[in-house]
Amino acid sequence: MTVLSRRQFAGSTLALALAILARPALAADAPPLARVICDNDWSGDPDGLVQLAHHLLSPAVDIPLIVGSHLPGGGGWGSATSATDAANEANALLRVMRREGNVPVVAGAETKIAARDDWQPSPATAAIVAEAMREDAAGPLVYCAGASLTELALAWLAEPRIGPRLRLIWIGGNEHPGLALPPPDPDPVEFNLGLDVIAAQVVFNESDIEIWQVPRDVYRQLLFSYAELAEMGESGPLGRYLADKIAGIEQALRRIRPDAVFPRTETYVMGDSPLVTLSALHSFFNADPASSFHDLRPTPHLNADGSYTPNPQGRPMRVYTRSDNRLTFADMTAKFRAEDRRLRALVP
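Residues -27 to -1, 1 to 321 (mature numbering (1 follows the signal peptide of the UniProt record, and there is no 0)) are what the sequence shown spells out, left to right.
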């Protein structure tokens, strides 16, 4: 796809102005900025459902597939069928948005990869491989993962040819030395990485998949205030549904960690929202998520403890150091308000 530069644009200002008057900002016949596979633990932290709703309302991208992925086993967030639960949560959101049946939803593996040499395809593997190998689809394929990398690793192990045919945007991983420090009292291994370390090692250390990583220090910056959440909950069916999901998180956390003392804070981390920013909210000129900052470096070797060993021969990857929170949340809330107006206008 040809990307318009400012130099190419300079001589055609009048033509563009006339076109803007005659057509919507996004031409329906233009190819998508990307085809986006959305993979997340939708039955866990509700920030994933916020991200999914935002993605579904972003016309710059097409969503050909939604994958429900697993949570940790042995109690806590997930049941023994947390991937199936995740798929059910995604379908429930589609029903709230009156979009059921518009996008295929599949459940992935219910557990992490047991060992590097002990893996088997999941129920989602064939669908991921099929989308990656398509020759008839417009737009590059972007795999947006907000939890484990189990499903992408299994797809690559099943069909390594998908590697150069997609880009991974991943919310997860420890801080990179020299770029950021860990948070106070950090878990030694970041949560999403800890969901399946072997899968992440397959993607980082073995595959040829291009990686755009949003590590813990960056996704923690996506703070949305409870006052904003209350306002979102008043906008209509979608806003209320998502706000209610987040309101229930305190009860869930107290069930999971009954002895923990939680601080009296006024914000919620919408940590999966950079998936939308980096895949859909690109600049018009030289299309790129230009308002978010990244460091370009060779993909390091990912160790089992979450640390990184430099690999000068590694393929280039982006490690994001800042996501544009203003753009992300302003776009998100505007789209949610518009969707709620649409939903209120529908006949019950």
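Hints in this document: simulated from the structure, not taken from any laboratory. A hint or two may mislead.
[Unchecked claim] Pair ranges (Cβ atoms, derived): (1) PRO285 x ARG227: 45 to 55 Å; (2) ASP90 x ALA200: 27 to 37 Å; (3) ALA131 x GLU223: 35 to 45 Å; (4) GLY74 x ALA110: 15 to 25 Å; (5) ASN178 x PRO156: 21 to 31 Å; (6) GLY74 x PRO231: 20 to 30 Å; (7) ALA318 x GLN286: 33 to 43 Å; (8) THR238 x ALA110: 24 to 34 Å; (9) PRO231 x PRO157: 40 to 50 Å; (10) THR238 x ALA153: 16 to 26 Å; (11) PHE266 x ALA307: 21 to 31 Å; (12) PRO157 x PHE257: 37 to 47 Å; (13) VAL234 x PHE257: 45 to 55 Å.
We put the beta carbon where it would ideally sit given N, CA and C, even for glycine.
field: Structure versus earlier hints, numbers of those that do not hold, lowest first
entry: Going through the list in order, the structure violates hints 2, 6, 7, 8, 9 and respects the others.
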